[in-house]
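Asker: Quick note: the sequence shown uses this note's numbering, first residue 1, plus one each step.
Calculated directly from the structure, the hints in this document are not laboratory data.
Note that this is a predicted model, so its numbers are computed, not measured.
Any given hint could turn out to be false.
[What the hints assert, rightly or not] Okay, derived cross-link-like pairs now, DMTMM-like style, lysine to aspartate or glutamate, Cα gap no bigger than 25 Å in a straight line:
1) K49 / D3
2) K93 / D3
3) K75 / D37
[Said to hold, decoys possible] Simulated restraints on C-beta separations:
4) K84 / D12: 14 to 24 Å
5) H68 / D6: 30 to 40 Å
6) T20 / K93: 11 to 21 Å
7) L67 / D96: 12 to 22 Å
8) L10 / G60: 31 to 41 Å
9) L10 / E82: 26 to 36 Å
10) A11 / K84: 34 to 44 Å
11) G85 / G60: 17 to 27 Å
12) A91 / D12: 11 to 21 Å
13) H68 / T20: 11 to 21 Å
14) H61 / T20: 18 to 28 Å
15) E95 / P15: 33 to 43 Å
C-beta atoms are modelled at their ideal positions from N, C-alpha and C, and glycine is treated no differently.
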Amino acid sequence: MTDWIDIGTLADIPPRGARTVHIGGEKEIAVFRTGDDQIFALVNECPHKKGPLSQGIVHGHSVACPLHNWNIVLKSGEAQGEDKGCTPTIAVKQEDGRIWIAQPEMTKVAA
């Protein structure tokens, strides 16, 4: 059974932006909002050099790492193009105007 944690409302995250949350001593989690109001959550580390993805530029359903411009797919955490690597994803949902993330059990382990 998944334990869900309420982290706020959609309005708490700017369109094409992110905010970070800390859950029980686990790694920092970046929660992203796309231009079409979809929500995704990833560990806040690029698989390349551990850059803070929450500070990157969200475009479409990807984020560009602010350190070396690696493009990470928000749904899968996978690097795009010739770049190789993956950052763990966290299950997230919207319900009754609230954003909920699953208690972190990384749904994908970095490659």
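Asker: Give a verdict on every hint.
Answerer: Hint by hint, here is what the structure shows:
1. Restraint check for K49 and D3: not satisfied, since their Cα atoms lie roughly 30 Å apart, outside the 25 Å limit.
2. Distance restraint check for K93 and D3: the Cα-Cα separation of roughly 12 Å lies within the 25 Å cut-off, and the hinted pair is therefore satisfied.
3. About 14 Å separates the Cα atoms of K75 and D37, which keeps this hinted pair within 25 Å; it holds.
4. Between K84 and D12 the beta carbons are some 33 Å apart, a value that contradicts the proposed interval 14 to 24 Å.
5. Look at H68 against D6: about 34 Å separates their beta carbons, and that is inside 30 to 40 Å.
6. Checking the proposed 11 to 21 Å range against T20 and K93 shows it holds: the Cβ atoms sit about 18 Å from each other.
7. In this structure the hint that L67 and D96 lie 12 to 22 Å apart at CB is violated, the actual value being about 37 Å.
8. Taken as a hint, the range 31 to 41 Å is violated for the pair L10 and G60, whose Cβ atoms sit roughly 18 Å apart.
9. Range check, L10 to E82: Cβ separation about 34 Å, and the 26 to 36 Å hint holds.
10. About 36 Å separates the C-beta atoms of A11 and K84, a value consistent with the hinted range of 34 to 44 Å.
11. A C-beta distance of roughly 19 Å is found between G85 and G60, which places it inside the suggested range of 17 to 27 Å.
12. Between A91 and D12, the C-beta spacing of about 18 Å keeps the proposed range 11 to 21 Å intact.
13. Range check, H68 to T20: Cβ separation about 20 Å, and the 11 to 21 Å hint holds.
14. About 19 Å separates the C-beta atoms of H61 and T20, a value consistent with the hinted range of 18 to 28 Å.
15. One distance hint, 33 to 43 Å for the beta-carbon pair E95 and P15, is violated here, with the actual separation near 20 Å.
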